[in-house]
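Chain by chain, the residues:
There are 2 protein chains.
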Amino acid sequence: MTYCVGLMLNRGLVFMSDTRTNSGVDNISTFRKMFTWHVTGDRCITLMTAGNLATTQAVISLLDERSKEPGDRNPGILEAESMFQVATLVGGLLKKVIASNADTGQVADSTFNATIILGGQIGAGEQRLFMIYPEGNFIEASYDTPFFQIGETKYGRPILIRAYDPEMSFEDAVKLLLVSFDSTIKANLSVSLPLDVHVYEKDSLDLGRVYRVQADDPYFEQISTGWGVALRSAFNELPPFRFPEATD
Amino acid sequence: MTYCVGLMLNRGLVFMSDTRTNSGVDNISTFRKMFTWHVTGDRCITLMTAGNLATTQAVISLLDERSKEPGDRNPGILEAESMFQVATLVGGLLKKVIASNADTGQVADSTFNATIILGGQIGAGEQRLFMIYPEGNFIEASYDTPFFQIGETKYGRPILIRAYDPEMSFEDAVKLLLVSFDSTIKANLSVSLPLDVHVYEKDSLDLGRVYRVQADDPYFEQISTGWGVALRSAFNELPPFRFPEATD
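For the record, the sequence lines run as chains A and B. Each step along the first sequence adds one to the number in UniProt numbering, with nothing skipped, and position 20 is 20. Each step along the second sequence adds one to the number in UniProt numbering, with nothing skipped, and position 92 is 92.
Certain hints may be false.
To be verified - If we take Cβ atoms under 7 Å as the criterion, some of the chain B residues that face chain A in the derived model are:
# : residue
1 : Arg-128
2 : Arg-162
3 : Gln-222
4 : Ala-230
5 : Phe-235
To be verified - Chain B stretches covered by chain A per the calculated footprint, using a threshold of three residues with CB under 8 Å from any CB of chain A:
# : segment
6 : 92 to 101
7 : 183 to 196
8 : 236 to 243
Stated by the list, open to error - Simulated DEER-style distance windows between Cβ atoms:
#  : chain 1 : residue 1 : chain 2 : residue 2 : range
9  : B       : Val-25    : A       : Tyr-211   : 37 to 43 Å
10 : B       : Asn-10    : A       : Ser-204   : 55 to 61 Å
11 : B       : Met-1     : A       : Ile-139   : 20 to 26 Å
12 : A       : Ile-139   : B       : Gly-24    : 19 to 25 Å
13 : A       : Gly-92    : B       : Asn-101   : 39 to 45 Å
14 : B       : Asn-101   : A       : Phe-243   : 35 to 41 Å
15 : A       : Val-25    : B       : Gln-214   : 38 to 44 Å
16 : A       : Gln-222   : B       : Ile-161   : 31 to 37 Å
17 : B       : Gln-222   : A       : Pro-75    : 51 to 57 Å
Just so you know, the hints here were simulated from the structure itself, not pulled from any lab data. All residues carry an ideal CB built from backbone N, CA and C; glycine is no exception.
Kindly generate the complete structure, drawing on both the sequences and the hints.
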């Protein structure tokens, strides 16, 4: 499994992904699931993947044009004129890779499926955030749905719904994502540290901050322990329940 | 979908279930998913169901021996000598009902599948809590796994993991379950109020408290609103994140 979240804030984009891949619980590995392309002053594009690892690695290789000699590479992702074009390019590649592996043609629950979160900004365009489906089509984040999750999305969703605020600082957004990841990691063995973090500042057209939360990260430990304590104290602060008979 | 939780406390058992059933989002109904049998001084048995409604209703009817004349009914669930016998009886009926509907024989992902939480106490036996699978076999709650969830289990699990305490009062347990249900209801349209609650006091061999949380329950509204506020305040109390560069 996998857990990745892309958040759109008024001040920029925040991405977080785990790094655990597994093929059964007895075959786990660490692979990067976050990929960033940037040309200072022109664009910054981040992509996170969930699903079949062969599929997602093939998509990334194709985006990087790794089939060409290093000198001949001029990948489309660095030439596209808008984020919409990039999403179309990525969606097309994703669909193609899945189809090339699926003997029976494209089916919705193919083993080779993968889902992608794509976000960034190009030139004078707005910052944008997309979720790309295995079928190659995509949806875009909006004011009403300002974040996307892929992979094991459910455990970490309640806190995102409750605490997300489009005006929040980057630091608070990273903290929020760490809490969401902690809930997921606690509940699903196939999601795990290290975590990759990328923070893109709106209109900077620069890489921004890239950061890896290692397995022994002291701040993550603080959050993980502190969140249990904070949740219990929040729970205790709620008004007590009384059985109806007792209130009559 | 459905959400049901059975909690084992040192002082007794607490059950909560929602009442929404759906066959597509355009066909929703309210059905009871919690069923209790009790004979004061002898036994109290509670059963909650998730899955195919035709299957679960058939199991309940068979347990009640509704195929017999009312005067001839003497259901096994009131005669079994231990909770283990009851679990075996229910598991056997469940497996039989599923098999009778599945043309292709028993398969793990059958459309007719259902899962059951069963708990209670009989005579001099201990209070016990079981989860019964569509295959008819079952597992029992223990000190390490003191609660079972069925249906849409993920959204409401983090708070259960963090705040459950075997020593907690019945009132706190109901409050905890309401928070867990609130998170689930907020995230999944197919789980909804009213909620059924049953609290069984250990060694009482009596019905205990049975309660329905209606759609406009003022306490549930308080919990639902208050939990959002409490979560955000718990989040704010956690130590702030700083990017590594800023701490150098």
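Given a hinted range of 55 to 61 Å, is it respected by the beta-carbon distance of Asn-10(B) and Ser-204(A)?
-> holds, 56 Å
Pairwise beta carbon distance, Gln-222(B) to Pro-75(A), judged against the given window 51 to 57 Å = Hint holds: Cβ distance 55 Å, inside 51 to 57 Å.
Falls inside 31 to 37 Å, the C-beta gap from Gln-222(A) to Ile-161(B)?
-> violated, 19 Å
Hint status (Cβ of Phe-235(B) to nearest Cβ of chain A, threshold 7 Å) | Constraint on Phe-235(B) satisfied, holds at 5 Å.
Tell me if Arg-162(B) is really an interface residue toward chain A, meaning its C-beta lies closer than 7 Å to one of theirs.
-> holds, 5 Å
Three or more residues of the segment 236 to 243 of chain B near chain A by CB distance under 8 Å?
-> Held - the segment 236 to 243 of chain B has 7 residues with a Cβ nearer than 8 Å to chain A, which meets the minimum of three.
Report holds or violated for the interface hint on Ala-230(B), using the least CB-CB distance to chain A and a cut-off of 7 Å.
-> holds, 4 Å
Hinted contact Gln-222(B) with chain A - closest CB pair below 7 Å = holds, 6 Å
For the segment 183 to 196 of chain B, does the count of residues with a C-beta closer than 8 Å to a C-beta of chain A reach 3?
-> Holds, because 3 residues of the segment 183 to 196 of chain B bring their Cβ atoms closer than 8 Å to Cβ atoms of chain A.
Range hint 35 to 41 Å: satisfied by the CB atoms of Asn-101(B) and Phe-243(A)?
-> holds, 39 Å
Per the hint of 37 to 43 Å, is the separation of the Cβ atoms of Val-25(B) and Tyr-211(A) within bounds?
-> Roughly 40 Å apart at Cβ, these two residues keep to the hinted range, so it holds.
Does the Cβ pair Val-25(A), Gln-214(B) satisfy 38 to 44 Å?
-> holds, 43 Å
When each numbered hint is compared with the structure, violations occur for hints 1, 6 and 16.
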